[in-house]
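K.L.:
Chains A and B supply the protein sequences, listed in that same order.
For the first sequence, the residue numbers in the working numbering are 1032 to 1144.
For the second sequence, the residue numbers in the working numbering are 597 to 707.
Hints in this document: simulated from the structure, not taken from any laboratory.
Being a predicted model, the structure only gives us computed values, none of them experimental.
From the three backbone atoms N, C-alpha and C, an ideal C-beta is built for every residue, glycine too.
Fair warning: there could be bad hints in the mix.
As the list claims (entries may be wrong) - Here are some of the chain A residues that sit facing chain B, going by a computed Cβ distance under 8 Å: (1) Ser1062; (2) Tyr1079; (3) Gly1127; (4) Gln1133; (5) Gly1136; (6) Gly1138.
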Amino acid sequence: NAGVTQTPKFQVLKTGQSMTLQCAQDMNHNSMYWYRQDPGMGLRLIYYSASEGTTDKGEVPNGYNVSRLNKREFSLRLESAAPSQTSVYFCASNEGNSKNIQYFGAGTRLSVL
Amino acid sequence: QKEVEQNSGPLSVPEGAIASLNCTYSDRGSQSFFWYRQYSGKSPELIMSIYSNGDKEDGRFTAQLNKASQYVSLLIRDSQPSDSATYLCAVNPEYGNKLVFGAGTILRVKS
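The shape of chain A in the complex, shown without the other chains:
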């Protein structure tokens, strides 16, 4: 009964390093999302995947890439990390039906020095 699983939970990077945040869901959901959360700014959508094989930009896509590897997994890549990407990253999924209820993973806390 894992739901949405994110790895790693914490990460510290140096400016210019790259890394991939992993997300997997076991609820057979069609749609998956990546958000970042900064103090006082709520959740902002980075990228989403409405269904397997499709990805689309959200509100703040610059500096990120995504891969919908299969129905279960949706990864977020930072090619060259910048201090402005220090944030908490959340992955979410939903069934893709009209209810539009999203379920969130525990988050990844990323610091870029």
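Following the hints, complete the assembly by docking chain B onto the known chain A.
P.N.:
Okay, now just chain B, sitting in the frame of chain A:
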């Protein structure tokens, strides 16, 4: 203009009182509305969803939706210290299955 607006708070209420949280949205065609609760250092957790005008009650929580006024609210009756958290309002715009989140309202329930 932000698409989903919330008062950042903090909203302080005494234990046992009713907490009233408010949210306005700009997309008149929005179809689905949600309240998530987020404890410090944790992920958002869905507490209420509402899809049509009127009230929806679930235990101590009542969500109210007024599409004509583009307004959604959350009432928490008999507030407990454990209700202290940030409450995020989220709206599904007219097209697509994305959610747009407000910045959240911090609620503090004092015992």
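K.L.:
Compare the structure with each hint and give your call.
P.N.:
Outcome of the hint check:
no.	hint	in the structure
1	Ser1062	holds (6 Å)
2	Tyr1079	holds (6 Å)
3	Gly1127	holds (6 Å)
4	Gln1133	holds (6 Å)
5	Gly1136	holds (6 Å)
6	Gly1138	holds (5 Å)
When the structure is compared with the earlier hints, no violation turns up for any of them.
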